[in-house]
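Chemist: Sequence:
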Amino acid sequence: MKNLYLPLLLVISLSGCSYFQKEEVKAEESWSVDRIYSEAKAALNMGDYTKAIQYYDQLEARFPFGEYAQQALLESAYAHYKKRESETALATIDRFIRVYPLNPNMDYALYLRGLINFHRDMGFLDKYIPRDETQRDPAGSRDALRDFTNLVNRYPTSRYSEDATQRIVYLRNRLAQHEIHVAHYYMKRTSYLAALNRAKYVVENYPRTTAMPEALMIMAKAYKIMEFNDLAEDTLRVLELNYPGHPGVAEVRRTRVN
0 MKNLYLPLLL VISLSGCSYF QKEEVKAEES WSVDRIYSEA KAALNMGDYT KAIQYYDQLE
60 ARFPFGEYAQ QALLESAYAH YKKRESETAL ATIDRFIRVY PLNPNMDYAL YLRGLINFHR
120 DMGFLDKYIP RDETQRDPAG SRDALRDFTN LVNRYPTSRY SEDATQRIVY LRNRLAQHEI
180 HVAHYYMKRT SYLAALNRAK YVVENYPRTT AMPEALMIMA KAYKIMEFND LAEDTLRVLE
240 LNYPGHPGVA EVRRTRVN
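Counting from 1, position 200 in the sequence shown corresponds to residue 199 in numbering that gives the first Met the number 0; the numbering is continuous, with no gaps.
For the record, the hints were derived by calculation from the structure and aren't laboratory data.
Where is the CB? At the ideal position from N, CA and C, for every residue including glycine.
Watch out, some of these pointers could steer you wrong.
What the hints assert, rightly or not - Listed next, the in silico SDA-like pairs over lysine to any residue satisfying Cα-Cα at most 20 Å (straight line):
no. : residue 1 : residue 2
1   : 82        : 117
2   : 81        : 100
3   : 50        : 27
Unchecked claim - Pair by pair, the computed Cβ-Cβ distance ranges are:
no. : residue 1 : residue 2 : range
4   : 241       : 44        : 47 to 53 Å
5   : 156       : 196       : 38 to 44 Å
6   : 192       : 244       : 26 to 32 Å
7   : 184       : 249       : 19 to 25 Å
8   : 227       : 97        : 46 to 52 Å
9   : 236       : 204       : 45 to 51 Å
10  : 158       : 81        : 18 to 24 Å
11  : 81        : 152       : 25 to 31 Å
12  : 44        : 152       : 28 to 34 Å
13  : 34        : 138       : 37 to 43 Å
14  : 237       : 44        : 51 to 57 Å
With the hints as extra help, turn the sequences into a complete structure.
Modeler: This is the structure:
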């Protein structure tokens with residue numbers, strides 16, 4: 000029976016999405032823009048993102064100009080993000096950034112775009128079956144790193160910049176470790192040049208990350224196996240100098256060339 004649990008969970012979860020769909024809400028014709036926005040905001044605050052999105056869409060359709068329309072588009076992007084509708088959330092926030100480049104909340108828009116991409120790599124099953132983040136497709140992480148870096152560079156004093164800075168550190172480490180994971184994959188399959196290039200990419204693009212010593216170890220080992228002895232010794236010297244006592248030094252020393 001245990002083997003049936005996960006498929007049953009998926010069937011219930013996926014079928015439940017359509018079975019429990021809420022009836023579409025519609026703003027009355029007499030409602031002012033302020034009333035529609037208030038209803039949308041109340042739904043958003045209550046976590047009823049579907050209802051909020053419907054009201055935001057109707058507000059934009061009826062009142063396409065002005066501050067309410069701009070705020071509705073921004074908050075609609077957030078609602079789609081909370082519903083884990085990443086592609087729609089990105090399309091919505093991109094439209095906001097493109098159409099309203101002078102909006103005073105642009106720092107938040109960039110931060111939200113970063114958050115959407117930050118969580119984009121995580122699929123539905125990751126909530127129930129955790130896996131090594133460094134083994135996921137890194138596309139979303141790369142985009143998030145770009146978004147957060149853009150925010151910090153453009154708005155260094157923004158209230159969102161401190162959190163963005165912390166996420167940048169995390170993302171750099173995560174992306175660097177992904178490259179290391181791929182480099183180890185190539186080493187196991189004796190594709191030493193490919194492994195070397197991955198490790199070099201870490202050294203050149205992600206310095207001061209936790210993956211640096213392992214990248215240097217892989218480089219030194221690959222150089223040694225390919226019999227580029229001078230390069231192997233130079234790399235090993237850098238590893239020993241910057242990370243004294245690292246076990247990778249002994250591992251490279253033990254490596255034998257066939």
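Chemist: The structure should be examined with respect to each hint, and the outcome stated for every one.
Modeler: These are the hints, each one checked on the structure:
1. 82 to 117: Given pair residue 82, residue 117 holds - Cα atoms ~15 Å apart, limit 20 Å.
2. 81 to 100: violated (24 Å)
3. 50 to 27: holds (14 Å)
4. 241 to 44: 47 to 53 Å: holds (50 Å)
5. 156 to 196: 38 to 44 Å: Between residue 156 and residue 196, where Cβ atoms are some 39 Å apart, the hint holds.
6. 192 to 244: 26 to 32 Å: Given about 29 Å between the Cβ atoms, the range holds.
7. 184 to 249: 19 to 25 Å: For residue 184 and residue 249 the Cβ distance comes to about 23 Å; the hint holds.
8. 227 to 97: 46 to 52 Å: Check passed, 49 Å falls within 46 to 52 Å.
9. 236 to 204: 45 to 51 Å: Violated: the Cβ-Cβ distance is about 22 Å, outside 45 to 51 Å.
10. 158 to 81: 18 to 24 Å: holds (20 Å)
11. 81 to 152: 25 to 31 Å: Holds: the Cβ-Cβ distance is about 27 Å, inside 25 to 31 Å.
12. 44 to 152: 28 to 34 Å: Holds: the Cβ-Cβ distance is about 32 Å, inside 28 to 34 Å.
13. 34 to 138: 37 to 43 Å: Because 41 Å falls inside the window, the suggested range holds.
14. 237 to 44: 51 to 57 Å: holds (54 Å)
Hint violations for this structure: numbers 2 and 9, all remaining hints satisfied.
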